[in-house]
Amino acid sequence: DAGVIQSPRHEVTEMGQEVTLRCKPISGHDYLFWYRQTMMRGLELLIYFNNNVPIDDSGMPEDRFSAKMPNASFSTLKIQPSEPRDSAVYFCASALGRGKIIYRFFGPGTRLTVL
Amino acid sequence: AQSVTQLGSHVSVSEGALVLLRCNYSSSVPPYLFWYVQYPNQGLQLLLKYTTGATLVKGINGFEAEFKKSETSFHLTKPSAHMSDAAEYFCAVSEGSSNTGKLIFGQGTTLQVKP
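So the sequence lines, in the order shown, correspond to chains A and B. Going by our numbering, the first residue of the first sequence is number 9, and it counts up by one from there. Going by our numbering, the first residue of the second sequence is number 13, and it counts up by one from there.
If you are wondering where the hints come from, they were derived from the structure by calculation, not from laboratory data.
Keeping only pairs whose Cα atoms sit at most 27 Å apart, straight-line, the calculated DSS-like set for lysine-lysine is:
(1) A:Lys-76 / B:Lys-114
(2) B:Lys-81 / B:Lys-114
(3) B:Lys-70 / B:Lys-126
(4) B:Lys-61 / A:Lys-32
(5) B:Lys-70 / B:Lys-81
(6) A:Lys-76 / A:Lys-86
(7) A:Lys-86 / B:Lys-114
(8) A:Lys-32 / B:Lys-114
(9) B:Lys-114 / B:Lys-80
(10) A:Lys-86 / A:Lys-32
(11) A:Lys-32 / A:Lys-76
To be clear about the criterion: a stretch of chain B counts as covered by chain A if any three or more of its residues have a C-beta under 8 Å from a C-beta of chain A, and this derived list gives those stretches:
(12) 54-60
(13) 115-122
Even glycine gets a Cβ: it sits at the ideal position worked out from N, Cα and C.
Could you put together the complete structure from these sequences and hints?
In structure tokens form, the structure reads like this:
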């Protein structure tokens, strides 16, 4: 059974460009999370979805960030325009809730470098 | 509000020695507690979790942790370190009975294993 799939694994872009990160959660999972990991701030929750609906986006840093989940098997995190301070590893995770979230399965992450 | 403190950002042990990674938490409700491991350039992998019941929980790769409510601790141990245990370890807490979806991570502890 495939785990959480993220693409691309590495992304290098120039400041001002649009960046789109993609995530395919584990089949059957009803929660999806986007995290960002930096040396300075550690692991931060950006946003999470339940049954494709955004529940809490209070961790999204700015309006430049947006996330969508058009269906149960796909989500995107978009940064437009990108800035050097957005450089980080972005993780997607999914979970099966059944009323209680027990634990998340993490994807391998996308390492984003904004020059 | 919940929080997690991992004591020691870097721990170094010799191969075969005891591994002890410290984690203290703060939570206003009974917590669910987790330890995750992150190998270089990979996502987070669940090592073990405490939700309810037995306070000593066993995980993968010979790791275990004990939930001590009186000490608000959830330290991770392994009797004998292997070279392959070298990685970064994260302690995390979520509200036990909540569907908020938020998992609060500690800053991480890098474990170095010396031959």
